[in-house]
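Student: Residue 165 in this note's numbering sits at position 162 of the sequence shown, with consecutive numbering throughout.
Among these hints, one or two may not hold up.
[To be verified] Across the chosen pairs, the derived CB separations fall in these ranges:
hint	residue 1	residue 2	range
1	Ala70	Pro117	40 to 46 angstroms
2	Ser66	Leu116	33 to 39 angstroms
3	Lys5	Asp43	25 to 31 angstroms
4	Thr142	Ser58	26 to 32 angstroms
5	Phe176	Glu59	29 to 35 angstroms
6	Glu120	Gly98	32 to 38 angstroms
If you're looking for bench data, these hints aren't it; they were derived computationally from the structure.
Virtual Cβ for every residue (Gly too), placed ideally from N, Cα, C.
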Amino acid sequence: MKRLELLAIGDCDRRVLARLAPALGELFHVRCVVAPKSLDPTPFFHPERRQYHSSEILLAMQSLVHADSWRVLGITMVDLYIPILTFVFGEAHMGGPCGLVSGHRLRQEFYGLPEDEEIFERRLLTEAVHELGHTLQLTHCDDYRCAMAPSHGVEWMDLKLSSLCPACEARVFMTALFGLNAK
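Using the sequences plus the hints, can you model the full thing?
Tutor: The following block contains the structure:
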C-alpha cells in the first residue's frame, strides 16, 4: 500500500511530524508515516541570503522516493527561498512526488509574538495540504478559505482552512478517477 512519508529536514522535532501525520492521512485518505531517515539541508544553504534554496532541497528529495511512496513531504524549520522571492513557506513539483514545507516563518515567535503551538501546528498543516495539493496538480484557488489559496504572508494563511474547498476536492477526485488534468 502506498503511503505519504513525512521527512525531517535538518533539526526538525519528530514529535511535530508525528502530530501532523494523522491529520494528513485523514485528509488525503492515505497511510501517513514519519520516515526513519532525514535529510541534511546544509549543502543547500546560500550564505549570501542566509537561507536555504527550496528547489535544491526538492531535487535532493527525489532520491528518497521509492515504490511504496505515494508522496514524500519534507518538513523543515530552516528559512526557505527561491531566487525570485524573498522567502517561501514551501514548494512542490506540480504533479510530482515531493513537496516541502518550512515552519520557520509559521511560528509566532518569528514575528516577535509569544509562542503559540496551536497556531503553529495549524499553519503547518495548512501549508502541508497546500504543497501536497500542488503534487496532485492543483493550482492556486480563488476561494480564500481553501488551503490551495496563495499565501504571501501568515495573515493570508490564517484566513484559510486546513482543507480543500469542494471544487479542489472534485479536481483531485476527477484526476484520480479519470486521469484528467486538475486545472
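Student: Each hint should be assessed against the structure and marked as holding or not.
Tutor: Hints, verified against the model:
no.: 1; hint: Ala70 <-> Pro117: 40 to 46 angstroms; in the structure: holds, 45 angstroms
no.: 2; hint: Ser66 <-> Leu116: 33 to 39 angstroms; in the structure: holds, 38 angstroms
no.: 3; hint: Lys5 <-> Asp43: 25 to 31 angstroms; in the structure: holds, 26 angstroms
no.: 4; hint: Thr142 <-> Ser58: 26 to 32 angstroms; in the structure: violated, 18 angstroms
no.: 5; hint: Phe176 <-> Glu59: 29 to 35 angstroms; in the structure: holds, 33 angstroms
no.: 6; hint: Glu120 <-> Gly98: 32 to 38 angstroms; in the structure: holds, 33 angstroms
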